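Visitor: Letter by letter, the chains look like this.
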Amino acid sequence: MSSSSSSSKSRLVGIITTGDPSRRDTDLAEVCRELDAGGLLAECAELDAFRRDAENLYERVRALFFLYAIHRFHLPPKLPAGKVGRIPFAAYEYLLRRRFAEAIDGFLEAVAAEGPGDALSSALASAYHELAFQTLADQVRRSVRTVRGNQWMFRMGHPADHPLKMRREMLEPGAGGHPVLRERTPVRMDLSHSGWSDIFFLGMDYPEGARVLNVSVDLGVHGRDQETKPPVEAYLRVIDEPVIVLHSVDLKATARIDNLGEVFDFAKDYLGLLKAAVIAAGIVPPGIEGSGKRLERLLERLVGKGRGIELVSSVNDIPKGSRLAVSTNLLAALIGVLMRATGQTRSLTGPLEESERRLVLARAILGEWIGGSGGGWQDSGGVWPGIKLITGETAGEDDPEFGISRGRLMPSHHVFDENEIPDSARRALQDSLVLVHGGMAQNVGPILEMVTEKYLLRSGKEWSGRQEALELLEELIDALKRGDIRTLGRATMRNFRGPIQTIIPWATNLFTETLIARAEERFGDDFWGFWMLGGMSGGGMGFIFAPQRKAEAQEAMQEIMSEAKSRLQYALPFAMDPVVYDFAINPDGTTADLRHDGHAALPAGYHRLTAPQGGDSEEGKGESGGNGSLAGMLEAHGFDSKLHEQIRADLRAGRIGLAQNRLSPATVIEDVRAEDVMDVSSPEAAARHDLEEAERIGAAALGAGEVAVVSLAAGAGSRWTGGAGTCKALNPFAPIDGAYRTFIETHLAKSRRIGRRFGAPLPHLFTTSYLTTGPTQAFLESVGNYGYEGPLVVSPGRSVGLRMVPTERDLRFAWEEMPQQVLDEQQQKVRDSGRAALIHWAKSAGEASDYTDNLPLQCLHPVGHFFEVPNLILNGTLRGLLEDRPQLRTLLLHNIDTLGADADPVLLGLHRRSGHGLTYEVITRRLEDRGGGLARVDGRPRLVEGLAMPDEECEFALSYYNSLTTWIDLDHFLGMCGLTREQILSDDEAAVTAGLRGLAERLPTYITIKDVKKRWGHGQEDVFPVTQFEKLWGDLSLLPEARAGYFVVPRLRGQQLKDPAQLDGWLRDGSADHVSSLCEWK
Amino acid sequence: MKLRKAVVTAASPAESHLPLQTLVDPEGMSRPALEILLDDLFAAGLEEAAVVICPGTRDAYLRAAGPHGERLTLIEQAEPRGYGHAVWMARNFTADDPFVLLVGDHLFQSRRETSCVAQLLAVAATHTGCVSGVQPTHESQLHLYGTIGGRRVPASPSIIEVANMVEKPTPTLAEQELFVSGLRAGNYYCFFGIHALTPAVMERLDRQVAALSEGETLGLTPTLAELARSEKYLAVEIDGQRFNIGERYGLLRAQLSLALAGPHRDEILTMLIETTANSRA
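Top line first, the protein sequences correspond to chains A and B. Counting along the first sequence from 1, when you hit position 37 you're at 37 in our numbering, and nothing is skipped either side. Counting along the second sequence from 1, when you hit position 275 you're at 275 in our numbering, and nothing is skipped either side.
Next comes chain B alone, as it looks inside the complex:
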């Protein structure tokens, strides 16, 4: 599957400001989170991207996109109706093409030379169906993420053929249905926040949105789970870190990670030690 397009969701009113936050990149340049995210996407070979935003934020997003503004489509979601609905808003943008999906309130930091998105695309290139990035997550965090279960592909142990997928499972359910061999006890593969999806996802979302009643919201995981039951669906363990910049100290952790990945690493470490030594207990 060859991918050209990416969709970033940032439509939740409470979190719409997050991609607009400014961070210092590994080179020491101050840049909005959105720009850093789009850097990754286009560096991995994607050609255009859409961001689903909430009304009234268009100008701010365009500014935050920096040099990527020309390749960016902004789509407004009138009211928040769930993650699945936000993705569905990009259906005209994706048309009949497969696409990469990212959450806008996260930053992704690879531990390798290749970025997290590039790792996902490498697997997607060998497969015609959907691929989700995943990472081992302790069971105490399961209430925050979609979680998968399945069998590892024998020749590529970091790739899992997904058998089941549940949004925010309890560990009770996870133990029964979301087991993957080779993980430490109490750990499961949870979504990393990036997916390579086929047009079939939009088709299914189309049907589900049509059936939505007033005030009802639509998640994405049930649609992906449905797809996983009907066709071969892969997950790949991403060798990297994700930072939810919306959670407490999430932005700080993301910033530290970016700073420590660049030439100013020693300076940052020295600063951290000095700050620690001089801080009030």
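Just chain A, same shape as in the assembly:
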């Protein structure tokens, strides 16, 4: 299938185009190791030329991934350190608008003009990465549309051409109205864990490796349900009204749709999945979207004049995130019932034939694409009966994928019969497996991207891991056939410990590891193994026990999970309390029956939903803590109601808001000059300063106990958990040196090393807020302060804000005026629809009204990191420290996620020697470093927040990004507040309050929009945008008396970890190793 470039001399192009599998699977890193920067750049030029002409989709995509990886991982360390680079804004705008080809050309032109550099490589890496995924997504979309049986739906654009008719049996009126067709579908477990091999892209790239052992199961919640049953149900009937009525029993939502446009408005309500099913089943085919035709006419063709349909979904309250593909199987059930009723399957009732199941699968894939979600092809496994092997297939001549990708989109299913896997083996599996939902809510999306990237790069150990997982699959099948569940358990455990975590270390977490350890402790040899379900652990999981202890293990796992959740609930995002399931293997797959008892045939939840007093889709949603407790919390945490009302009035009057955060357009913003910074980012640059003397000064200060470290730990890490409201500082974010480390532990380990090195324990302060004080204190107590020798102080917050419902003006500014990444076509449609719904929510809830419809903790907000140093003073922490260490002179302040920051003696000495009041650390900018930087503002160097930039383009002219790490001369800072250390020691409250207020008033107040999660039902989460205000630490630099200075430090020291999706790159690009080198864990 090699397409082109046989003339290329490039070794990497050769790897892509070779017909020899052993060469094709060469690890990119292996080749890159041998090349210097010039060699890598030459390869990049060849690869870029190749990918422009390559006709074969996967060759093109692989070239794009190679280019991404070279620019992300392999080239930057080989470029001259400390080179400042500029990213052309015009090319960046192309990137945001998904015009990746133009963006790449723009970045390459800049490389040609200025030479290569870290900044441009980061931009190119991002553009190649996006283009690779866009190319793959386009291909899946094309394949889904060209699957035979789906094509007609994209051609049909007029109701008069609607080719489907409701089956006669559905139209026969009975005593209870029209009959009800009910589809009942099991969910699926992935017994092998597929190594994520069923991701569409991967099955199409390497069909031989896409193999999954998939089991259809009935479920019940242990202790709640009397019996197990197919948890997914879809009901359909004809109604005597020309509308489509949709009900979700579990989400308690109803929609009555009387126009075509609303069918395609997925995020307007909770019924997006049902709408996607209506479309994918061909009831309202995708081709008719935007036609302006009337739904009534379409329904007349389909069901008859004056008639419509009613569709009801139910998943028996099975919690979201079960990793059992409940949503996809519900989609398949809904599609199935609609296809049966319109004659698209031969079987109106009973199980489906194999060809019909395949068609339902194709439609479910289409439905997922329409709904803007992704996944893998095994997720509709519940449509098939029992235990089956699902495998990728090589594309043949008759397949639309032929010549484009090696594999087909659609896999093959082999259902094991009783001769292959006897009943006794199936029973044995049921008798040993404890199926649970741990309660964690996590976004699997980034993991699926990481896997795709690693497989397509053929990254060495990950590729070996994949081969090992394939071998393990054979072992699993063999064990299952023999009914040897002990061996099976050992194999699933080895799979989890070996290949799965080799490929994706983030598949596990501290919660999962705790559960496994506790199960091992309690059950010893009778615990046979752990089994990860789906994309990552923490939600749906399996624990395999000796059968005689299964009942005991079910109770024990409930207890173990609840206890672990209780301990980790502030550190990890949990959406619900853990549950244990009862389950049974389903022998039928999806089945349907036609019931003539009308209303009575519909589920109980339906009647509650449609009863006159019910049906309010908002009723009963959410955890509302009541205003009483919220009021109490506001009072306890220093809420300033007068300021709050002032902000509300200003917001409503338009005096403040996102647009008003910006500096005046007349402001002159320029990049800083060389003399404005002290560059110590590379050995060459640092050599220009007398570092030996600086180190002597720093070492002496550290040895004398004149320094303390302040870690800002007040925030919830909105980006880290998507607004889940946990404490980021306590998040066990990654395994380093053999154990999961929290941010707190990592910072303490660095301070421990410095303290020991200079013979004086370093005081370490964590500033916290209403949200994090209690959990941080309790957590530190539970881990014995990680054995930290020096003073360790938790500084409680002293100020809090109450979130507000945003104004439409600010929402539109954030979503329409600010540059942001446009999503892939269908995802963007869903996002636009969701945003329209949120604007409607803001207007109906009352713009700038108090946001109180959530847990009290989720309604409050910290008021910005400026306040955290004043809080040290207000709450007496500083006084205590000064009493204990009168020699204290310097504070090192840093963000909780700046993992490379430590009390480095050289930087400390340079700071002392400079005479600066505040010395901020900045780093050279990469594409992802957004949100302000160091600039000359009207001729004066200062830090400018991203919120304050007059326009987006300004930021791209700035060389340095603010890490926020600051060396603070304590007496100087007190002087800026008009205070002395004597006043602090004498607790002169009036002077302290006045001094701090005076300083705060001189700093700008920013309005921001943050996401906050609202949890409800069984693991359901909604995300709302809320308005809050903040004052920021970097703005002190605008005060002349701050005597601010700036160090350019190495990227590894200054970079921040904001998003879990960064973790994989962080582990691979040397960042993790660097942090490890700064730490002493014990």
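Some hints here could point you the wrong way.
[To be verified] Covered, in the sense of this in silico footprint (three residues per stretch, anywhere, with C-beta under 8 Å from a C-beta of chain A), are these stretches of chain B:
1. 148-155
2. 172-184
[Claimed, not checked] Below, in silico cross-link-like pairs of lysine-lysine (DSSO-like), each with a Cα-Cα straight-line distance of 30 Å or less:
3. A:Lys-642 - A:Lys-829
4. A:Lys-78 - A:Lys-1058
5. B:Lys-168 - A:Lys-305
6. A:Lys-165 - B:Lys-168
7. A:Lys-1010 - A:Lys-1082
8. A:Lys-293 - B:Lys-2
9. A:Lys-305 - A:Lys-320
10. A:Lys-461 - A:Lys-229
11. A:Lys-320 - A:Lys-293
I should point out that these hints are in silico values taken from the structure, not numbers from a laboratory. Bear in mind the structure is a predicted one, so any value in this text is a computation, not a measurement. Just so you know, even glycine gets a beta-carbon here, dropped at the ideal spot from N, CA and C.
Using the hints provided, position chain B relative to the given structure of chain A.
Guide: Frame of chain A, contents of chain B only:
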């Protein structure tokens, strides 16, 4: 296969009047639809025909047959039990001979010199198995017709070797199972309403009628589909038009087509333009 006999079905009580409708033929003569249909059959070389009718219509049909009455056998079907059953009623008439089958509520208008039936017979003459006339039909009309899928015969692209056949399929099924290369997107070969069938069809119908339970009806397409799976079955694209005179304005369209095919074409066109110009919007 040499064919001598034809069977026309007109037994549905709701549609039994249709072949009796009077139309003006291309020469300007008023004649019943049945007579026009039989004209075609006998002009193509067939020698005798049977019409399956519903009870009580014998005399009307005999009158409508006009000069062809002598070569006509009328067979009454006591109660409507499906198309397959109506065909089976003619089993004694066809005996062991192959036969042409037509639906009585249609008129067929060729675009060539040779009639639609003659086009079918020309293919049947070269083949020992069944042949069905087909025509490309848009997917929005699939719910009205039997539809075939298969491969074109390389030397004669208008002839298709049938691999599958489904009565009134959904486009979903049609895309998967009824594909024929060379058709425009969204079009399938649907039955034209004329077939050349072998005695094997009657044998199969015999068995199926015997197995019919009370009140059950029998279609024809499943029997033909079964046959297509067991022996070589051809379809030929008929270069002509079919008019269902039972559907709304079907009779009008058939009449217009007949009139425009004769010497009065200009007169009809003038009339149409005048009528259009003077009609109320």
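Visitor: Evaluate each hint against the coordinates.
Guide: Now for the hints, and whether the structure bears them out:
{"no.": "1", "hint": "148-155", "result": "violated (count 0)"}
{"no.": "2", "hint": "172-184", "result": "holds (count 6)"}
{"no.": "3", "hint": "A:Lys-642 - A:Lys-829", "result": "violated (41 Å)"}
{"no.": "4", "hint": "A:Lys-78 - A:Lys-1058", "result": "holds (26 Å)"}
{"no.": "5", "hint": "B:Lys-168 - A:Lys-305", "result": "holds (21 Å)"}
{"no.": "6", "hint": "A:Lys-165 - B:Lys-168", "result": "holds (10 Å)"}
{"no.": "7", "hint": "A:Lys-1010 - A:Lys-1082", "result": "violated (37 Å)"}
{"no.": "8", "hint": "A:Lys-293 - B:Lys-2", "result": "violated (53 Å)"}
{"no.": "9", "hint": "A:Lys-305 - A:Lys-320", "result": "violated (39 Å)"}
{"no.": "10", "hint": "A:Lys-461 - A:Lys-229", "result": "violated (41 Å)"}
{"no.": "11", "hint": "A:Lys-320 - A:Lys-293", "result": "violated (36 Å)"}
In summary, the numbered hints that this structure violates are 1, 3, 7, 8, 9, 10, 11.
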